[in-house]
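Q: These protein sequences, in sequence, are chains X and R. Going by the working numbering, the residue at position 118 of the first sequence is 118; the numbering climbs one at a time, nothing skipped. Numbers in the working numbering are just positions in the second sequence, counted from 1, shifted up by 140.
No lab work stands behind these hints, which were simulated from the structure alone. Backbone N, C-alpha and C fix where the C-beta goes; we use that ideal spot for every residue, glycine too. Among the hints, erroneous ones may be present.
Unchecked claim - What follows is a list of derived Cβ distance ranges for each label pair: (1) X/Asp12 to R/Gly414: 31 to 41 Å; (2) X/Gln136 to R/Gly414: 42 to 52 Å; (3) X/Met1 to R/Leu163: 28 to 38 Å; (4) R/Ile511 to X/Asp102: 55 to 65 Å.
Said to hold, decoys possible - Cut-off 30 Å, straight-line C-alpha distance, at most; resulting in silico cross-link-like pairs (BS3-like, lysine-lysine): (5) R/Lys510 to X/Lys42; (6) R/Lys161 to X/Lys110; (7) X/Lys42 to R/Lys539; (8) R/Lys149 to X/Lys32; (9) R/Lys510 to X/Lys43; (10) R/Lys249 to X/Lys110; (11) R/Lys327 to R/Lys280; (12) R/Lys539 to X/Lys32; (13) R/Lys149 to R/Lys161.
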Amino acid sequence: MTIQEIQDEIVDEFSMFDDWMQRYEYMIDLGKSLPLIDENLKKEENLIKGCQSKVWVHGEMQADKLVFTADSDAIITKGIIAILIRAFSNQHPAAIINASTDFIDEIGLKEHLSPTRANGLVSMIKQLKLYAIAYQTQLN
Amino acid sequence: MLDIQKIRKDFPILNREVNGKPLIYFDNAATSQTPQQVIDCITDYYTNYNANIHRGVHTLSQEATDAYEEARIKIQKHFNAAKPYEMILTSGTTDSINLVANGFASLLKKGDEIIVSALEHHSNIVPWQMLCEHTGAHLKVIPMFESGQLDMDAYTALLNERTKLVFCNHVSNALGVINPIEFIIEKAHEVGAAVLIDGAQASPHIKADVQALNVDFYVASAHKICGPTGVGLLYGKEEWLTKLPPYRGGGEMIDQVTFEKTTYAGLPHKFEAGTPNICGVIAFGAALDYMNDIGFEAIAAYENELLEYATEKLLAIGDVTIYGSGAKTAVISFNIENIHPYDIGTIVDKLGIAVRTGHHCAQPIMDFYKIPGTVRASFSFYNTKEEIDSFIEATKKAKMMLS
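With the rest of the complex left out, here is chain R:
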């Protein structure tokens, strides 16, 4: 059992008011809030050992380098990567995806195929479209059912010897549906294709084990797991990271430089050109420590309880459609009949409640349901049933005002 009141004290932002009402933060799928332990870690870095890493022989630089590399190991252990250098530190999920897409530009040829799912975030569609335009490869899409589940028979039928890369999110950001990535990975490997899984939405709820999944690439962002913005990871199997060319040129990523030829540094530095977000990476390590101290199983169990509670209460309001069913993380994407999601979002914001409205950067999903968007409430382990009660009351009020 989690001691929620104790946990809530760790998050100073939960004390603030919005429009004269205590903040109720249900936009956790967009970004999570930051515990004091992580804020302290950031302050400590800039107060005591801010320095550039990997270069200086002086004490501060050594301390910063040690803390940075220790954080990499924490991230490696969290996702159970075999080696620390298989964990590339990036500016976030989008950056990680672009790194892989850029690398595959040199590996693909005309007529090759890339498969993405119908549930993708725009950041997971656009880089592959750009890659296809550049290489002459074709983009294929795994269709979805009304339930928000992906059609695995259709997926299997799409796979063939031309398939070079399969891309899918672990959890859909717009609906919260958990995808069968184990099956997707296994089937892709049968035809020799690589698989990249976007764990941005899964990572706050599910501790992914990249070795058990046997996934080729796995990406995520720190800011959804109680860490700072501007930091993310790219896990890649060593054999794949070795095959991919460097993404950006600059300091840190080189071995020898002359004007005739430059040789590149080994992993992970080959992909980490320039001064990284040193403080952010160290704080990401602190965020993982914080989450692991609470325990992901306990977090998932509690969030699931919140999800079930909120789903039942919301449906009881009447005229409510919830999009996405089956195995889900703590996300409810919904609409009320004949009311625009934007109107609901505006009214509940006036009541101090932060939800997301719109297409959630997943326009193809909205087109599938023929809706302009949804209201998305996403819960975290620091939320409470009392907050859900307030949200339900606010939604009722919005419905009454807007009908």
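If we strip away everything but chain X, and leave its shape as in the complex, we get:
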């Protein structure tokens, strides 16, 4: 599936929820089911600065696709990461660089997009895109 198709699927899933509590319960479940990052990748250089909770993100190329793993010590943040990984992981770097992030707004998480928001969703997206740019440069 393309990034856009995955994002549409996520938007569809979230449209079934009536209120914020259901959305958050779903995100918390996603957070709990996020495959854990390899313990030795939880190192300083993988830590995203500017988050109130700790967030580690690691990206590596598998064949021609960029695969992300990540973790956080806060469960809601982990849920948000799980959504981002589902949308952006296992894709070509060029597709990740060009991908839109509008679906975040559509699933009712716009409040987390504010640059001052302590969970640093913006920093996370930036980090994923930076990985993609770095690997795309290598491919070129």
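Chain X is already provided as a structure; the job is to place chain R on it using the hints.
A: Structure of chain R alone, referenced to chain X:
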């Protein structure tokens, strides 16, 4: 007895909704809300007598100058300083601390020592680290116990003839613990050291008497005492303020200026360069009037009642750890086992409740407890037990969702 419903009517912001729920504001330790009386004072200033002070001969300037200096006297009387000019008006607590730190740069020499407490806010650590780097002085730290109380035996052992300055907050912002500043001041004076007390967290709850405390410097911010942001005070004993050099150069702080030499104005103008926050200072005076009309003893008694009520209810939820015990202001800093404070803060915000989460600009305290941060609920005299009940229900819901 306070008439809380009448008091609540003074705070228009308490009528608003957040996420479709009535706002419950429990982040008072970060900033207090503003009563209509203070808002009216600000409007009145800009509507009727906005002018620059101390310079103009025209009527508006005279009126603004009078109101500004009257506010200084209100602030002086509130903290019981001996003289109005011992009350320097600044942009806030951080500004006040930096003013003193900057002044001590010329008084310290290599090998001198500064003592700070383990309970400090970052704004109370960083200026002293910068000062030590600059002067070659050493920074010593008063350790804390698990209870959040400072170790006074260790403090006494740190003091010696090289100690030049002791710095401590009156009340810890992260835990709400009230520190034994009377003892700290007395012991520091025995070795000839000056003491600077940060009253930012204490001032909404405790009316400090700087003469009775015999403290050398005391600092606080208006925005935590129902006043506006961007205004604070530095109380300094006259002998100390005279010793410290000016902080910033500019208008107002000079006596005579030629290109060869400038002589400085006397106190307090020596430390008040440029156009001050005139409206803010006048509104700070109005805020102190408002608080004093209600009465600090009544405020403290009521807030203590809220603290006890909330503490008991919160502990009853189970798996709750509260950090800091003993004498406290109305602050509860807590965690629920295996749940990140950020997650709790996010859920209770969705329910219209404002609490603080994180390290509260006091990372050394969080490192001490080996935690990423806490949830901090801080109460004010306009809060109610019904609001605490809603907060407890929200916290239970968060616990259920997050466990």
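Q: Can you name, in rising order, the numbers of the hints this structure does not satisfy?
A: 1, 3, 4, 8 and 10
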